[in-house]
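Put the two chains together into one complex; each comes in its own frame, and the hints tell you how they fit.
So the sequence lines, in the order shown, correspond to chains A and B. Just so we're aligned, residue 1 is where the first sequence starts under the numbering used here, counting upward by one. Just so we're aligned, residue 115 is where the second sequence starts under the numbering used here, counting upward by one.
Any given hint could be a false lead.
Taking beta-carbon pairs under 8 Å as the criterion, some of the chain B residues facing chain A (in silico) [what the hints assert, rightly or not]:
no.	residue
1	A124
2	L162
3	A195
4	A199
5	F202
6	F216
7	G217
Okay, the calculated beta carbon distance ranges per label pair [claimed, not checked]:
no.	chain 1	residue 1	chain 2	residue 2	range
8	B	S182	A	D11	39 to 47 Å
9	A	S59	B	S208	25 to 33 Å
10	A	G100	B	H171	18 to 26 Å
11	B	K170	A	K7	28 to 36 Å
12	B	T141	A	D64	24 to 32 Å
13	B	N152	A	I63	14 to 22 Å
14	A	D64	B	T181	38 to 46 Å
15	A	G100	B	T181	19 to 27 Å
It is worth saying that the hints were derived from the structure and are not from the lab. All of these numbers come straight from a predicted model, not from anything done at the bench. Built from N, CA and C at the ideal position, the CB exists for glycine as well.
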Amino acid sequence: SAVISQKPSRDICQRGTSLTIQCQVDSQVTMMFWYRQQPGQSLTLIATANQGSEATYESGFVIDKFPISRPNLTFSTLTVSNMSPEDSSIYLCSVVGVGGNEQFFGPGTRLTVL
Amino acid sequence: SQQGEEDPQALSIQEGENATMNCSYKTSINNLQWYRQNSGRGLVHLILIRSNEREKHSGRLRVTLDTSKKSSSLLITASRAADTASYFCATDASGSARQLTFGSGTQLTVLP
Numbered sequence: 001s002a003v004i005s006q007k008p009s010r011d012i013c014q015r016g017t018s019l020t021i022q023c024q025v026d027s028q029v030t031m032m033f034w035y036r037q038q039p040g041q042s043l044t045l046i047a048t049a050n051q052g053s054e055a056t057y058e059s060g061f062v063i064d065k066f067p068i069s070r071p072n073l074t075f076s077t078l079t080v081s082n083m084s085p086e087d088s089s090i091y092l093c094s095v096v097g098v099g100g101n102e103q104f105f106g107p108g109t110r111l112t113v114l
Numbered sequence: 115s116q117q118g119e120e121d122p123q124a125l126s127i128q129e130g131e132n133a134t135m136n137c138s139y140k141t142s143i144n145n146l147q148w149y150r151q152n153s154g155r156g157l158v159h160l161i162l163i164r165s166n167e168r169e170k171h172s173g174r175l176r177v178t179l180d181t182s183k184k185s186s187s188l189l190i191t192a193s194r195a196a197d198t199a200s201y202f203c204a205t206d207a208s209g210s211a212r213q214l215t216f217g218s219g220t221q222l223t224v225l226p
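Isolated chain B, as found in the complex (with noise of 0.2 Å):
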């Protein structure tokens, strides 16, 4: 069943302002790991926040955790045209065997 929410559902910027994508969760996590997908191919690792961490740096990505409320922030900065693509976040739920439960996903589209 689908854990998270995210949002917004679909998100258009311009090339070089910043893109932030929110997702919310029910239950008690390890870990949230965000990914990016183009055009209906495969799922790109993005970047791995766990669940006693707060924020988490990975290039021009930003993750950001909040247990208590049970969210997560991805910040894309300086955004480029490639960057065009869905992002999902992932919960891999505490006591589960790693299985993941997905957001709804978040469509971005930078405009050239």
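The following block holds chain A by itself, in its conformation from the complex (with noise of 0.2 Å):
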């Protein structure tokens, strides 16, 4: 399986800042998703990140929030704008592989907005 790596592990942030995360994976592979996991609960798509195209969101979620960029096969980044304490969660990117149905997971970053 692909080995996933993202960057922060965790912050913490103020209110009305914003946050970008990176995914960056160490072989080509075709679909890299983000999701947020919020509290407690278990986890939601955000978007499909499209390599040199704009991501495709989901219902709830929009460019102007999260926007997301993926240049290449391998990598992505995720930024969390103008946060608020909601945005408070655990947001991890996923990736299939080329020829694979299975979807791997980073390892997470844990995101805290005072």
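Here it is in structure tokens:
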């Protein structure tokens, strides 16, 4: 399976600021996704990160709040913009490898907004 | 949106016992995947079962899938304290572009 890293692993941020989370994979993958896990909850898909084009967002998530980039097949960023305490969550990237169906997850970024 | 429901929400057993967790979903699927999460960390992929498969094994794990009932179960045999974690099922719906919809999760506690 692919090795996925995320940076930062955790952060504490002030209301109104923005944080960019990076996701790096050690091999080329076909699909990359971003999920959010609110405290005590399950995971919810934010968007599909499309290589070289705009991300595809799920209902309830918008580009202005969660801009996503994917400049190549192994790297993506998620920005959480104009943060509020309600954005406190774990943010996880995931990938589907070439020719595979399994979806593998990064270690997550734990975000706390004060 | 959350498609799946898992039960029980919480399960506490003694080491050595078997643990069974169930997952139900609502739409047709390509496959169903089970994950483990320890204390709010990243998800560990356990097993994938395709829609045309009925049972799959991996070590102490046994997964079943009943597409007519839209349900799956995960059995962990001879549980260990290290199996203590949250377990999630996730479905890859037919016609989706591999996006996963997660169940609500089962918190398993294995007591030494």
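A quick look at each hint next to the structure:
Checking B/A124 against chain A: minimum C-beta separation of about 12 Å lies over 8 Å; hint violated. Satisfaction of the interface hint for B/L162 is found here, the shortest Cβ-Cβ separation to chain A being roughly 5 Å, below the 8 Å cut-off. Among the interface hints, the one on B/A195 is violated; its C-beta lies about 22 Å from the nearest C-beta in chain A, farther than the 8 Å criterion. For B/A199, the interface hint is violated, since its Cβ never comes within 8 Å of a Cβ in chain A; the closest pair sits about 14 Å apart.
Against a cut-off of 8 Å between C-beta atoms, the interface hint on B/F202 holds, since the closest Cβ of chain A lies about 6 Å away. A distance limit of 8 Å between C-beta atoms decides the matter here; for B/F216 the minimum to chain A is near 5 Å, and the interface restraint holds. Checking B/G217 against chain A: minimum C-beta separation of about 6 Å stays under 8 Å; hint holds. Hint check: B/S182 to A/D11, Cβ distance near 46 Å, so the stated range 39 to 47 Å holds.
The hinted window of 25 to 33 Å between A/S59 and B/S208 is violated, with their beta carbons roughly 19 Å apart. Separation of A/G100 from B/H171 is about 20 Å and conforms to the stated range, judged on CB atoms against 18 to 26 Å. Judged by the Cβ atoms, the range 28 to 36 Å given for B/K170 and A/K7 holds: they are separated by roughly 34 Å. The hinted range of 24 to 32 Å is satisfied by B/T141 and A/D64, whose Cβ atoms lie roughly 30 Å apart.
In this structure the supplied range 14 to 22 Å is violated for B/N152 paired with A/I63, their Cβ-Cβ distance being about 33 Å. Evaluation of the 38 to 46 Å hint for A/D64 and B/T181 yields a pass: the beta carbon distance comes to about 39 Å. Roughly 21 Å separates the CB atoms of A/G100 and B/T181, a value that falls within the hinted 19 to 27 Å.
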